[in-house]
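Each residue of the sequence shown is one higher than the last, beginning at 1 in full-length UniProt numbering.
Don't take every hint at face value.
Simulated restraints, written as ranges between beta carbons of each label pair [what the hints assert, rightly or not]:
| no. | residue 1 | residue 2 | range |
| --- | --- | --- | --- |
| 1 | V113 | R35 | 21 to 31 angstroms |
| 2 | L55 | D140 | 33 to 43 angstroms |
| 3 | L55 | I27 | 38 to 48 angstroms |
| 4 | I85 | V22 | 35 to 45 angstroms |
| 5 | A8 | S92 | 49 to 59 angstroms |
| 6 | N91 | S2 | 22 to 32 angstroms |
| 7 | I21 | P51 | 17 to 27 angstroms |
| 8 | R35 | P68 | 12 to 22 angstroms |
In case anyone wonders, no lab produced these hints; they're calculated from the structure. Positions of the beta carbon are idealized from the N, C-alpha and C atoms, including for glycine.
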Amino acid sequence: MSVELHIAGSDQSFSGKLTEIVRVADIPSRTFLVRVQPEQALVEQAIIGAPLTGLFRIELAEQGLVVPRDALLRYPDGRIAIWVINRDQENSPYAEQHIVEIGRSFDGLIEIVSGLKEGDIVVVKGNEALQPEQPVEIIDADEASAEASN
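Generate coordinates for the entire structure from the input sequences, incorporating the hints supplied.
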C-alpha cells in the first residue's frame, strides 16, 4: 500500500510504502503502529527525529452498507448486533435484532459485511434498551435534530 508522507512545516510530499502493521493496538487512541519505507528523496532531506504525517489511500473494491458506530451492540461472547425496524403492513413498527459481521470503519461509520440489507432502517439511539418485537416510533434524522434543538 502506498503512503503519502509530509515533513512537518514543509509543503513537500513524498511517497512511501507500508511495510508492516504492528498487531498491538493503543486502545485509548484506537491506533496501530505502522512502519513505512520512504522514498530515497525523503531520506536525504529529512532530519532524524523530525515529525512526519502520512496519508494512506485505501481503495475499496465495491460499495457497501455502513451504519453509525453507535448502532452496534457488542456482546461479551463476541457477537455484534444491530436493531432494525420491521415495518410489515399488519403491525405497528417494531424492533428486530440482527447479528451482523462488520468490516472496515471510517469516520464514525462501520461497514456491515453481512446481516443487513440495503433499505433496512437501523436504530441508532436507544438501541441498548430494546427488546425483541418491542414497538418503536420512527424519527427521521431531520426531525430528531429539530427536536434536539428545541
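Next item on the list: If any of the earlier hints don't hold here, list their numbers in rising order.
Entry: 3, 6, 8
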